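Trainee: Protein chains in written order, with our numbering: chain A, 1 to 169; chain B, 1 to 169.
Note that these hints are calculated values from the structure, not bench results.
Each pair may be met inside one copy or between any two copies, as identical chains are not told apart.
Below, computed lysine-lysine pairings styled on BS3-like, alpha-carbon distance capped at 27 Å:
hint	residue 1	residue 2
1	Lys106	Lys38
2	Lys82	Lys38
3	Lys10	Lys38
4	Lys82	Lys106
5	Lys10	Lys108
6	Lys108	Lys82
7	Lys108	Lys38
Fair warning: this is a prediction, and the values are worked out from it, not measured in the lab.
Protein chains: 2
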Amino acid sequence: MATNDFIRAKAHAALGTRFRRLSEQLERQVEALYAAHKTDFQPRWYPVVTALVEHGALSVGELAAMIGMTHAAISQIRGELKRAGMVRVAADPHDRRRQILQLSAKGKREAERLAPLWATVAQVSRELVTRDAPGLLQALDRFEDAIRTNPIPARVHALAPKDKARRRS
Amino acid sequence: MATNDFIRAKAHAALGTRFRRLSEQLERQVEALYAAHKTDFQPRWYPVVTALVEHGALSVGELAAMIGMTHAAISQIRGELKRAGMVRVAADPHDRRRQILQLSAKGKREAERLAPLWATVAQVSRELVTRDAPGLLQALDRFEDAIRTNPIPARVHALAPKDKARRRS
DNA sequence: GCCATTTGCGTAAGTACTTACGTAATGGCT
DNA sequence: AGCCATTACGTAAGTACTTACGCAAATGGC
Numbered sequence: 001m002a003t004n005d006f007i008r009a010k011a012h013a014a015l016g017t018r019f020r021r022l023s024e025q026l027e028r029q030v031e032a033l034y035a036a037h038k039t040d041f042q043p044r045w046y047p048v049v050t051a052l053v054e055h056g057a058l059s060v061g062e063l064a065a066m067i068g069m070t071h072a073a074i075s076q077i078r079g080e081l082k083r084a085g086m087v088r089v090a091a092d093p094h095d096r097r098r099q100i101l102q103l104s105a106k107g108k109r110e111a112e113r114l115a116p117l118w119a120t121v122a123q124v125s126r127e128l129v130t131r132d133a134p135g136l137l138q139a140l141d142r143f144e145d146a147i148r149t150n151p152i153p154a155r156v157h158a159l160a161p162k163d164k165a166r167r168r169s
Numbered sequence: 001m002a003t004n005d006f007i008r009a010k011a012h013a014a015l016g017t018r019f020r021r022l023s024e025q026l027e028r029q030v031e032a033l034y035a036a037h038k039t040d041f042q043p044r045w046y047p048v049v050t051a052l053v054e055h056g057a058l059s060v061g062e063l064a065a066m067i068g069m070t071h072a073a074i075s076q077i078r079g080e081l082k083r084a085g086m087v088r089v090a091a092d093p094h095d096r097r098r099q100i101l102q103l104s105a106k107g108k109r110e111a112e113r114l115a116p117l118w119a120t121v122a123q124v125s126r127e128l129v130t131r132d133a134p135g136l137l138q139a140l141d142r143f144e145d146a147i148r149t150n151p152i153p154a155r156v157h158a159l160a161p162k163d164k165a166r167r168r169s
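Build the full structure now, drawing on both the sequences and the hints.
Mentor: See below:
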C-alpha cells in the first residue's frame, strides 16, 4: 500500500479519507486487543467511560460537548453501557431534561481492571508518535482549530471572486 | 472545544477517536461545499472517481487495494455511481470474476466540471497544512506505516512480559 | 482431466457516526 | 401566571465503513 497508495498520493486532496482510514485501522487494532484481554469492552465506549471515571457524573449533553460528538451518539453509547450494566442513569433534579450518567459499581471495577491496559496503549502510542511521527498531535490540534475557525467552504469561497475575475478576461 | 476538549486532553490515548472526529468534520464541510456548487456528487465517491479519471479502467479489487478500503465498500460506491449514471461496469474478458469500472461520458463530464473545485480544495488544504500544521502529511505517512508494520496489539504484547516480571517482585 | 484450493466480488448484516423530528422542561418577558 | 423561544435528549432514519457468507471463476498440483 505504501508504494501504490492512491490516497497517500492524493495528499492534501484526500485528507478526509485519510483520517477515516486511520481511524478504522486503529479501531480494528484496539478491538483485537480487547478481545485478547477477554473483555467485552467496546472501543466506542472509551471516551465516555474515561470521562465518567475522571468527572464522576456527567449529562448526555456535557459528554457530547467534551468528546465532540452529537448527543444522539452519546445516547446510543449510553444505551449500550446501560445494557452492559456499566452505568447508572438518572434525571438531574435541578433540570429534569438532563440525564446524568455515572459509572455503576461494575463499571468502576471494569474501568479499574482496564486502566493498566489503557495506560499501556497510551504509552505505546506515545512512543510510536515520538519516534515515527513527532509533532503529530500538535499538527492535529492546529488543523482542527483552523478548519473550525475558517471552514473549508469559506476558504474556497474566499478564493472564488479572484477566479471569476480571471475567467472574464 | 479547544479549552474543554476531553479527546484532545486524552492525547495519545484517544487517537482513533481523534482521527474519526476529524474525518467527520471534513466530510461535513466538503458536503456543504458540494451543495453550494449545485452538484449531487458525494464525498465518498471522490477516491473512486478520481482513480478512474487517472487510470481509465479499474476492477473492484484494484480500487479497494489502492484506496485502502474493502471490496464491499467499493461495491457499494459502484452501485451508487452506476445509479447516478457516472460509471459503466463490465466483466473482464480475461477473468470473468473481475468487474471493471470506467467512467461513463456523463461521469467524465462531471469529473471535468468538478476538477477546478477539487483543485481549489486541494490548494486550500495545502495552504492550511503548510501554515498551521506543517509536517502533518509526513507524520500521517509514518504513523500509518508504523501501525501496519507493528500493530498496536503486538506492541502492547511486547511490553507485557516485562510487566509480568515486575508484578512478581 | 480432475479436483482441492484460491481468488474476485455481490449481498446481507453489523457498527458507529450523523441529521431530523418530536416531546418535555426551562427561563425570560410581560 | 401565562406565553413562547430556547434547550436537552430520546428515537428514527440515513450514511459510510466493516465482517461474514456464498457463489462463480480461476489456478495449480497430481
